[in-house]
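The chain contents come next:
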Amino acid sequence: MPLVVWVLALLLLLLLRLACWARRRISTARRPPQRLWQGHPLPLRALAVLGSGGHTTEMLGLLAGFDQGRYHFQFVLADTDTTSLKKVGAARPDLVEDTSRFHAVTRSREVGQSWSSSAVSTARAFLECLTIVWAIRPQVLLVNGPGTCVPVVAAALFFELVFGRPVVLIFTESFCRVKSLSLTGRMLYALADVFVVHWPALVERYPKAQYCGVLM
Amino acid sequence: MTSAARGGRTIFVTVGTTSFDALIEQVDTREFHREARAAGYDRLLVQHGRGDREPKLGRHGEDSADLLEVTAYRFKPSLLEDVEAADLIVSHAGAGSILEALRAGKRLLVVVNPSLMDNHQLELGEAMSQSGFCAMAARPEEVPSAFRAAAEAEPKVYPAPDLARFHRAVQEACGVAPCAAPEAAAS
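One line per chain: the protein sequences are X and S, in this order. When the letters of the first sequence are read in order and numbered with full-length UniProt numbering, they come out as residues 1 to 216. When the letters of the second sequence are read in order and numbered with full-length UniProt numbering, they come out as residues 1 to 187.
Chain X on its own, in the form it takes in the complex:
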């Protein structure tokens, strides 16, 4: 009998934890900024996901003005994607000086890959992301929509829920999404702390999104 009570109590505690986490994390409306790292030592540990092609170009644009005294960035790269690293090197030689800032993961889904085989590689990518995110302990996570970013975000939110390691999740939609959100955008809409779009029409449809002017 007492065992059942203990199990029930533990279950209740877990549920409570989940509810508290969900209440803080999930919202489809804009809320006042949480100022999560106020008073913490700078620079904050920041992690950006570099996906492929256009996403990488856009991410480099977003990274251009970040104050390196406030945010120290590390990067997750899709490992089949060598052009991304070259692109970073061409645009920002300062960032590639220290290659230990770059972490490769298996790409979660190649374009045209079947869904069943992509389930296996997604699972593997997720395990890799757990390892990387655990080691980096990001305080800020900046993503802009390539498939690679989903397991990274999942890993960060998993640690937030289970180990109480909070993270500020910044999502920037791709420049070419004018009227509707991308799949990644729809997945992360309710979870992101800051959700940025490039076209004002999207704010009307998705009130949590914010338009910050011309970013590209």
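Heads up, none of these hints are tricks.
Computed Cβ-Cβ distance ranges for the label pairs, DEER-style:
{"hint": "1", "chain 1": "S", "residue 1": "E31", "chain 2": "X", "residue 2": "V120", "range": "50 to 58 Å"}
{"hint": "2", "chain 1": "X", "residue 1": "A64", "chain 2": "S", "residue 2": "P114", "range": "31 to 39 Å"}
{"hint": "3", "chain 1": "S", "residue 1": "S115", "chain 2": "X", "residue 2": "I26", "range": "38 to 46 Å"}
None of these hints come from the bench; they were simulated from the model. Keep in mind the model is a prediction, meaning the values are calculated, not measured. Think of the CB as a built atom: it goes at the ideal place given N, C-alpha and C, for glycine as much as any other residue.
Starting from the known structure of chain X, arrange chain S on it as the hints suggest.
Relative to chain X, chain S alone:
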């Protein structure tokens, strides 16, 4: 290769990393060449990417009074030099190509590739052309008429990116005090 050095005005056609044979076909007609000549262009530089179709007209100096002088290639590590040397750019509707042309301050005709099944290109092309930054052809068949519009119109200057509001949003979410004097870290 720098056509600007040789004088005359250049049209640069680019398909980026994709293939877009239907666009190459549209600029490889005598009508297009005649139209372009009439609009004051002398040269046509074509980046045809992964496509099978290469331009044929005007590559061997035949009856050149009527034809543009044509040069073609598949890829280059960077198209920036050709973008900057051009006077008018005819581009597929990829975001990267559009932005590269507009940032260089070029007159631009965006051509949507309907076979890509990616309507965001149409959305983006429409949004950019409705904002007055460029002209657009929703299908390659519309290139002749859209070219005339692109050659005549006076496009609006595309604004330089300004990340201040974005960075403020990030700073507020993090609780990092806003910059007193935002020094834009050199990119």
